[in-house]
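J.: Chains as they are written, first to last, in my numbering: chain A, 1 to 307; chain B, 1001 to 1374.
The hints are simulated quantities; they were obtained by calculation from the structure and are not laboratory data. Think of the CB as a built atom: it goes at the ideal place given N, C-alpha and C, for glycine as much as any other residue. Please note that a few of the clues may not be correct.
[What the hints assert, rightly or not] Distance condition first, Cα-Cα at most 25 angstroms in a straight line; then the derived SDA-like pairs of lysine to any residue:
1) A/LYS92 with B/GLY1335
2) B/LYS1193 with A/GLN263
3) A/LYS89 with B/ALA1044
4) B/LYS1193 with A/TYR272
5) A/LYS92 with B/ASN1366
6) B/LYS1371 with B/SER1056
7) A/LYS92 with B/ASN1246
8) B/LYS1062 with B/LEU1329
9) A/LYS115 with A/VAL61
[Stated by the list, open to error] Chain B regions said to be covered by chain A (calculated; three or more residues, Cβ under 8 angstroms):
10) 1148-1157
11) 1162-1173
12) 1191-1204
13) 1347-1357
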Amino acid sequence: MEDGIGIWGVPLAILAGAIRVSTPFIFVSLGEAITERSGRINLGLEGTLVFGAMTAYAVAVMSGSPYIGVLAAMATGAIFGLVHGFICKFPKVNDIAIGIAMMQFGLGLAFFLGKPFIQPVAPRLPSISLGGWSDLPQVQSALTINVLFIVGGLLALALWWAFRNTRIGLILRVVGDSSDAARAMGLNPDTVRLLATAAGGALAAIGGAYLSLYYPGSWNEGISSGQGLMAVALVIFARWNPIGCFLAALLFGGAGALGPALQSVGVTQGYYLFYAAPYVLTLAILIATSSPTRALVGAPGALSITK
Amino acid sequence: MTIQANLSSEPVLSTRNPSAVLEWLARQAEPVVISLGAILAGLALFSIFIVLVGKSPIDLFKLMYTGGFGSWFSIQNSLSRAAPLLLTGLCVALPARLGLVIIGGEGAVVLGGVAAAAAALPLIGVLPPAIVLVIMAVAGMIMGGIWIGLAGLLRHYRGVNETISSLLLAYIAIALMNHVIEGVLRDPASLNKPSTTPLPADYMLGNIPGMDVNWGLAIGVVACIVSWIIIETTSVGFAARIAGGNVRAAQIQGLPVGQLIVGFTALAGTFAGLAGMVEVAAVQGSANASLAAGYGYTGILVAFLARHNPLAIIPVAILLGGIDASGGLIQRRLGLPDATVLVLQGTLFIVILFCETLYGRFKMFNPDLWKRSA
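Pulled out of the complex, with its shape left as it was, chain A reads as follows (with noise of 0.2 angstroms):
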């Protein structure tokens, strides 16, 4: 603020912390929403996305290149949601349980083989500099703007289109809405639904994989601060809708900016409940939106979460 800028560094913090932090956040939404769409709910995305967050940065340390280790960490997280797909199809087998087991299973194989990787130092995804214009650094630093970034919303926008628009969005739809009417039209719920857990893993792992490569940038154990959980509440938040997701995501990160932002300026009460915002923010829509006596709007029909 002693650059002149005074009060509009606060909009502006929001808006540079809503860009950086809010990556990983758009990814692991994207992929949960293919996974719910589907009609399955994967609860484990945390593990997915720590262990992509570990297979990146290793990758990159070994090959030197960070594209090689985003590619890793997405077949990763594809294999964790093929496990998640495969063992779901039996029945009696609850998918939020064995969510949270995926979770703990990812979270301790990721802290245990990525141990060596604490200390060496990875290279770092590239960012795109879009506020040259600007002769204010706050503006320019504001505006570095991660590739990853640019890819999720490009991805949001294409996930949005193909929903509608495409073979493989329709079938998934059906099969998400009933298992009965897919069958009926000849399909097997149970491949579409693995295949659906297998990209979603796999686009959680690229969140992962920007927590690692980029911001913060390092591998550590503390990694991830619940972005994975948060995914659910996000596609909810969203109504299910990729651009929705993209928005959601943009929110969130801007609520979790919003203390830290507040305190550069000088206001510093209530710096911690600050950071419950995106959860209050999510429960009162939550409430308010839903009905004892309806499904969510939007809501895939064969989903155990909304019933």
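The hints should help you fit chain B onto chain A, whose structure is shown.
T.: Just chain B now, with coordinates in the frame of chain A:
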């Protein structure tokens, strides 16, 4: 979402019909055999993993036994770690009998601990320790009960999914705790780790006589037994099991499903809040960030492994406490990371949940099928 509630009818033991005893035994054997088989399968998978990283699984399991249950010292260590899991396991198991999946017990632990610490502050030196501890326990239980009861309330009256709302409430609880221990309740003397003013030594909840384990273990065991009695022997528990099996049927029978949901979630939260109180009064001495140590999340694991049976929670929690306690020894002796324990827990958890699919598939456990083929 529904959880398969265990509505098996009470055994009809008749002296005139010895085969009834056999049939009863067969039904009882199913969960025991499947659970033990699943644990063995999980250990086998984990052994493969350990072989792949170049260590001997035999050495590992020996060390785990030594670290968890090999000596009186390690048994006490395991029991201490099991104590909070008994209560947080109940926080998941009780609502599960009604078909609800509550995963936010962590929030009730955290706020229960803060409420207990806050309630004690003005009373220290005014009232005798025993009374202050009771007030702390009540404060923690009320706070926890409100927090999880809120998830039940939202579920029944607004249709908000309890799994998600309880998770959100857990995050909100942790933010509230940080707000309070960094603000109004902060002890100015706690510099690096913000905490409330520590309890004086004579106000702490002590150990069970003859053991180096605090009273939390006894409280947890009693809570499990009381919960079992409520669920299996009272009419309220019976109503809850019916509602968990089929909500429509329960409503048609005129059962107060809403009151059951709110009541059982509140009771579940009460136990988690009590776990927070014990953590403050017996372990930490004050409310601080260590309250969010993940007991609430491990409780989910405990409850699912116990198949939401309050009595089965006792051995499961002790087993997990033992696995947890052996982590240090494995790290020192085998040079494996402390996360080894997490990998084992995760593997066991996945395999045991996977084996849920085996229920009802074996003819030997289902006496109804015996006669048909014979």
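J.: Mind listing which of the numbered hints don't hold for this structure, in increasing order?
T.: Hint check: 1, 6, 12 fail, others pass.
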